[in-house]
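Protein chains in written order, with the working numbering: chain A, 31 to 163; chain B, 31 to 163; chain C, 31 to 163; chain D, 31 to 163.
Since the hints were made in silico from the structure, they are not lab data. Check before you lean on any hint, since a few could be wrong.
When chains are identical, the list treats them as one kind, so a pair holds in a single copy or across two.
[Stated by the list, open to error] Pairs of lysine-lysine residues, derived as DSBU-like cross-links and limited to a Cα-Cα distance of at most 35 angstroms, are as follows:
id: 1; residue 1: Lys119; residue 2: Lys93
id: 2; residue 1: Lys35; residue 2: Lys93
id: 3; residue 1: Lys35; residue 2: Lys119
id: 4; residue 1: Lys35; residue 2: Lys113
There are 4 protein chains.
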Amino acid sequence: MIQTKVPINVRYAETDQMGIVYHGNYLAWFEVARTRMFKEVGLSYKRIEADGYHLPVLEAAMKYLRPALYDDDLIVVARLDEKPVLRIKINYEVYRGDTLLVTGATVHAFVDRDGRPVRPPPYVAEKMNEIFS
Amino acid sequence: MIQTKVPINVRYAETDQMGIVYHGNYLAWFEVARTRMFKEVGLSYKRIEADGYHLPVLEAAMKYLRPALYDDDLIVVARLDEKPVLRIKINYEVYRGDTLLVTGATVHAFVDRDGRPVRPPPYVAEKMNEIFS
Amino acid sequence: MIQTKVPINVRYAETDQMGIVYHGNYLAWFEVARTRMFKEVGLSYKRIEADGYHLPVLEAAMKYLRPALYDDDLIVVARLDEKPVLRIKINYEVYRGDTLLVTGATVHAFVDRDGRPVRPPPYVAEKMNEIFS
Amino acid sequence: MIQTKVPINVRYAETDQMGIVYHGNYLAWFEVARTRMFKEVGLSYKRIEADGYHLPVLEAAMKYLRPALYDDDLIVVARLDEKPVLRIKINYEVYRGDTLLVTGATVHAFVDRDGRPVRPPPYVAEKMNEIFS
Numbered sequence: 031m032i033q034t035k036v037p038i039n040v041r042y043a044e045t046d047q048m049g050i051v052y053h054g055n056y057l058a059w060f061e062v063a064r065t066r067m068f069k070e071v072g073l074s075y076k077r078i079e080a081d082g083y084h085l086p087v088l089e090a091a092m093k094y095l096r097p098a099l100y101d102d103d104l105i106v107v108a109r110l111d112e113k114p115v116l117r118i119k120i121n122y123e124v125y126r127g128d129t130l131l132v133t134g135a136t137v138h139a140f141v142d143r144d145g146r147p148v149r150p151p152p153y154v155a156e157k158m159n160e161i162f163s
Numbered sequence: 031m032i033q034t035k036v037p038i039n040v041r042y043a044e045t046d047q048m049g050i051v052y053h054g055n056y057l058a059w060f061e062v063a064r065t066r067m068f069k070e071v072g073l074s075y076k077r078i079e080a081d082g083y084h085l086p087v088l089e090a091a092m093k094y095l096r097p098a099l100y101d102d103d104l105i106v107v108a109r110l111d112e113k114p115v116l117r118i119k120i121n122y123e124v125y126r127g128d129t130l131l132v133t134g135a136t137v138h139a140f141v142d143r144d145g146r147p148v149r150p151p152p153y154v155a156e157k158m159n160e161i162f163s
Numbered sequence: 031m032i033q034t035k036v037p038i039n040v041r042y043a044e045t046d047q048m049g050i051v052y053h054g055n056y057l058a059w060f061e062v063a064r065t066r067m068f069k070e071v072g073l074s075y076k077r078i079e080a081d082g083y084h085l086p087v088l089e090a091a092m093k094y095l096r097p098a099l100y101d102d103d104l105i106v107v108a109r110l111d112e113k114p115v116l117r118i119k120i121n122y123e124v125y126r127g128d129t130l131l132v133t134g135a136t137v138h139a140f141v142d143r144d145g146r147p148v149r150p151p152p153y154v155a156e157k158m159n160e161i162f163s
Numbered sequence: 031m032i033q034t035k036v037p038i039n040v041r042y043a044e045t046d047q048m049g050i051v052y053h054g055n056y057l058a059w060f061e062v063a064r065t066r067m068f069k070e071v072g073l074s075y076k077r078i079e080a081d082g083y084h085l086p087v088l089e090a091a092m093k094y095l096r097p098a099l100y101d102d103d104l105i106v107v108a109r110l111d112e113k114p115v116l117r118i119k120i121n122y123e124v125y126r127g128d129t130l131l132v133t134g135a136t137v138h139a140f141v142d143r144d145g146r147p148v149r150p151p152p153y154v155a156e157k158m159n160e161i162f163s
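I would like the entire structure built from these sequences, with the hints used as guidance.
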């Protein structure tokens with residue numbers, strides 16, 4: 031299992047006229063946390079793309095328990111619970127202090143530059159073996 | 031059952047460096063289609079808010095089957111399949127021509143200006159009774 | 031001179047907690063109007079990119095006279111007043127009915143895929159000669 | 031003169047299919063830096079809004095010298111060069127290391143909840159007197 035916690039301060043641009051964070055913006059925060067999680071185990075998504083791979087989102091889901099507000103200091107947790115086989119599922123939680131605001135998950139798979147499904151880059155597969163052994 | 035189809039032309043701002051529509055942007059399109067669907071049965075979300083109600087998103091989910099691209103002419107379908115009781119579930123499909131690109135759903139409930147759960151405005155409840163009778 | 035008018039209905043996602051359209055979002059609308067203007071004279075930005083050219087924004091400026099609101103039906107005007115030489119300057123106006131809300135301008139220049147300044151594609155240069163002769 | 035430097039790591043969501051940061055997104059970063067600058071001198075924009083004031087953007091301008099890229103570690107500088115009288119002008123610079131990528135400015139004025147121009151809140155005026163004396 032690998033897990034990362036990323037601090038996010040809510041930007042004004044991320045609010046809507048309901049006075050809360052627009053529900054679509056959590057996906058960008060999930061991505062920030064996911065990217066950081068991979069980076070922390072030595073996998074740079076920037077390098078992965080430079081090597082000709084993409085890791086698009088195949089599925090995404092969110093439950094909004096309580097709204098996040100402008101200027102809130104949040105913690106976004108990303109977590110890889112299981113060793114990915116063909117698909118990579120990542121879970122997320124957004125907290126303000128001890129209060130859980132939002133939970134979510136995304137599912138990904140590697141594709142090449144033309145969008146065709148491919149095996150993960152060897153160094154990603156090795157790293158996953160290493161982490162989940 | 032009520033259903034609406036809304037044309038969307040993909041904006042450059044909606045793409046990311048993978049060369050496809052950023053996965054978080056579909057939620058804004060769902061909202062465009064949802065708003066239009068309510069408007070077509072005589073329910074203006076703008077008026078609903080002016081009356082002191084909000085209809086926040088409690089859950090959202092998406093499956094990305096194929097990517098949408100810059101300048102694509104898409105059709106976003108919103109559909110209310112069942113009479114809402116406490117929660118309103120809306121289903122979505124995004125098409126390019128006959129090709130289904132993305133499916134999704136959102137779940138909503140009415141709250142007051144302070145975010146407390148409330149019954150729907152009477153004219154919304156009446157309209158739903160009318161549609162689903 | 032060429033000019034295009036594009037209707038825009040304000041999305042909820044485009045508002046912020048001030049209850050108005052977030053000031054950064056006008057740039058995406060300018061781009062919608064600019065793209066449409068080029069398309070109407072037979073120049074597809076999608077094709078221009080496929081041919082290996084980009085037309086990045088070098089400068090942008092906006093004056094916000096009055097706020098646009100959720101669900102407003104707006105008209106965004108894009109206008110090319112002068113024959114572009116090395117740089118292309120486009121002017122914009124955003125109206126709600128007869129009321130002018132926002133004015134702006136963007137300046138662009140052609141670059142190749144590596145971001146180096148290049149002459150415009152020949153068919154763009156010809157079209158500009160044709161329009162401004 | 032007051033000045034603040036804020037680190038920004040470029041999010042994938044902030045790129046477009048040109049492979050660079052979408053030009054409209056700099057305005058959200060300017061706002062992050064502006065908010066931080068005010069907070070550092072003891073002025074919370076959140077409190078200002080809670081007190082019934084807004085500080086909308088009246089003008090914005092940007093020059094894009096070089097593109098920012100995904101995962102870049104940037105520094106966004108916000109600077110108040112002159113004591114604001116009726117209008118507040120803030121200047122911005124975006125750097126990657128020593129390389130200046132983007133410059134910009136925004137102009138603001140205080141309005142009340144109904145959007146009418148008003149004098150700044152007294153504690154803001156006092157703070158400005160203190161800083162620029």
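Here is how each hint holds up against the structure:
{"no.": "1", "hint": "Lys119 <-> Lys93", "verdict": "both (16 angstroms within a copy, 13 angstroms between copies)"}
{"no.": "2", "hint": "Lys35 <-> Lys93", "verdict": "both (19 angstroms within a copy, 26 angstroms between copies)"}
{"no.": "3", "hint": "Lys35 <-> Lys119", "verdict": "both (17 angstroms within a copy, 32 angstroms between copies)"}
{"no.": "4", "hint": "Lys35 <-> Lys113", "verdict": "within (19 angstroms within a copy, 40 angstroms between copies)"}
Consistency note: the structure conflicts with none of the earlier hints.
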